[in-house]
Amino acid sequence: MKKMVKKIIAVGVSSVMMLAMSVSVFAAGTIDANEQAVLEQLNAKKVPAEYITQAKNYFEKDDVSVSADEAKEIIQNIDEAAAIAKASGIKSADDLAKADAATIDSIIAKVQAAAEVVNLTVSYDAKTGKATVKDNAGKVVATTDVGTKKTGADSMSTVVIVSFLGLAVVALAVITKKNAKSES
665 MKKMVKKIIA VGVSSVMMLA MSVSVFAAGT IDANEQAVLE QLNAKKVPAE YITQAKNYFE
725 KDDVSVSADE AKEIIQNIDE AAAIAKASGI KSADDLAKAD AATIDSIIAK VQAAAEVVNL
785 TVSYDAKTGK ATVKDNAGKV VATTDVGTKK TGADSMSTVV IVSFLGLAVV ALAVITKKNA
845 KSES
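If you use this note's numbering, the sequence shown closes out at 848, no skipped numbers anywhere.
Just so you know, these hints were derived from the structure itself, not from any lab. Take every hint as true, because none was put in to throw you off.
Straight-line Cα separation of at most 25 Å, DSS-like style, residue types lysine-lysine; simulated pairs: (1) 736 with 710; (2) 750 with 794; (3) 794 with 755.
On a predicted model such as this, the values are computed, not experimentally measured, just so you know.
Working from the sequences, and respecting the hints, build out all of it.
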């Protein structure tokens with residue numbers, strides 16, 4: 665009987681050890697002070713949470729790093745895009761869609777300048793009003809088209825579609841919310 669108990673304990677301990685060794689760890693990267701400053705600026709400009717989350721996810725990647733000078737340049741471009749929108753009377757997404765091409769181009773230029781600081785490119789489709797942010801490899805890291813989401817067991821697709829779109833949103837939607845609230 666003692667031998668049987670010892671065998672059961674040995675099998676149980678072995679099973680627990682095997683389970684413990686097979687657990688995958690998915691640790692998110694860390695956000696440094698410079699990246700946090702950019703995220704705080706996006707939040708201050710009332711960028712929608714889904715776009716800030718995309719920016720945060722992008723910053724959490726191990727190969728992404730933002731220096732203090734880069735953060736200042738990104739924040740400056742965010743502020744300038746917000747100022748252009750405010751000066752043009754853009755208070756909502758509808759106002760932005762109705763804005764003249766020169767205003768939209770000015771805002772997009774600031775968003776692109778901010779994205780280029782961290783080696784991203786921004787494209788904007790004027791017909792649909794959708795912006796897309798891609799990395800150097802051409803992989804989409806953020807988009808304003810977050811309405812349709814893939815569901816299922818593949819959680820990596822969510823991580824891949826992270827982003828830095830808060831910058832694009834500053835120009836496209838969020839600045840308008842700040843202006844609308846300030847006049848209320």
